[in-house]
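Enquirer: Per our numbering, the sequence shown starts with residue 9, numbered consecutively.
It is possible that part of the hints are untrue.
Across the chosen pairs, the derived CB separations fall in these ranges [as the list claims (entries may be wrong)]:
1. 131 to 48: 17 to 27 Å
2. 13 to 83: 16 to 26 Å
3. 78 to 130: 28 to 38 Å
4. 135 to 100: 19 to 29 Å
5. 57 to 109: 18 to 28 Å
6. 141 to 84: 17 to 27 Å
7. 63 to 120: 26 to 36 Å
8. 14 to 40: 16 to 26 Å
9. 51 to 101: 31 to 41 Å
10. 38 to 131: 15 to 25 Å
Below, a list of computed lysine-lysine pairs in the BS3-like style, where the Cα atoms sit at most 27 Å apart [unchecked claim]:
11. 135 to 46
12. 135 to 124
13. 124 to 46
14. 46 to 143
These aren't lab readings, by the way, just hints derived from the structure by calculation. Just so you know, these numbers come straight off a predicted model, no measurement behind them. Glycine included, C-beta positions come from ideal geometry on N, C-alpha and C.
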Amino acid sequence: MQVEGYRPLIVAFCCNWCSYAGADLAGNNRLSYPADVKIIRVPCSCRVNPMFILRAFQRGADGVILCGCHPGDCHYTTGNFYTRRRMALLFSMLDYLGIERERTRVEWVSAAEGAKFAATMNDFARKVAELGENKRLEDLRCKQ
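Given the sequences, and given the hints that come with them, work out the whole structure.
Expert: Now the structure itself:
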């Protein structure tokens, strides 16, 4: 059930070389995406430990998206191949924990795809808002 005035908190892990640059391009082109998307810049998508995603949910995130370079275009050669494997395991773990699959997403966005970055964030925020607030892993101590 959707709460009136509810805006989901979304954490976006973006690789420095492609996705973060895509977010920058979206900003430079004045393409809008929700202000509730909190971007965390990482050197490579493979540096995102699945525990970071679980911790984001625990700390109150309603959705987590991981953005990296397109497979084969990684600055560190094979980083996003490791990401794909890790995220496949994480998705099965989230399913086991009872967290909806739609709350987590992996997207490949290059530095030249500012419009794709904005569209992806808008689409993801809309889907997470439809799911409502995430209460499955929340730690009440993290609430203000």
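Enquirer: Work down the list of hints and note, for each, if the structure agrees.
Expert: Hints versus structure:
1. The given range of 17 to 27 Å is respected by residue 131 and residue 48, whose C-beta atoms sit roughly 20 Å from each other.
2. In this structure, residue 13 and residue 83 break the distance hint of 16 to 26 Å, their C-beta atoms being roughly 41 Å apart.
3. For residue 78 paired with residue 130, a C-beta distance near 20 Å fails the hint of 28 to 38 Å.
4. A hinted range of 19 to 29 Å holds for the C-beta pair residue 135 and residue 100, which are about 20 Å apart.
5. For the pair residue 57 and residue 109, the beta carbons lie near 20 Å from each other, so the given range of 18 to 28 Å is met.
6. At about 36 Å, the CB distance of residue 141 to residue 84 disagrees with the hint of 17 to 27 Å.
7. A beta carbon spacing of about 31 Å between residue 63 and residue 120 agrees with the range 26 to 36 Å that was offered as a hint.
8. Roughly 19 Å separates the CB atoms of residue 14 and residue 40, a value that falls within the hinted 16 to 26 Å.
9. Between residue 51 and residue 101 the beta carbons are some 24 Å apart, a value that contradicts the proposed interval 31 to 41 Å.
10. Separation of residue 38 from residue 131 is about 19 Å and conforms to the stated range, judged on CB atoms against 15 to 25 Å.
11. Taking the CA atoms of residue 135 and residue 46, the gap is about 16 Å. The hint holds against a cut of 27 Å.
12. Only pairs whose Cα atoms come within 27 Å are accepted, and residue 135 paired with residue 124 is accepted, the gap being roughly 16 Å.
13. Proximity of residue 124 to residue 46 is assessed by CA-CA distance (about 17 Å); at most 27 Å being required, the pair is judged to hold.
14. Straight-line distance between C-alpha atoms of residue 46 and residue 143 comes to about 19 Å, which keeps the hinted pair within the 27 Å bound.
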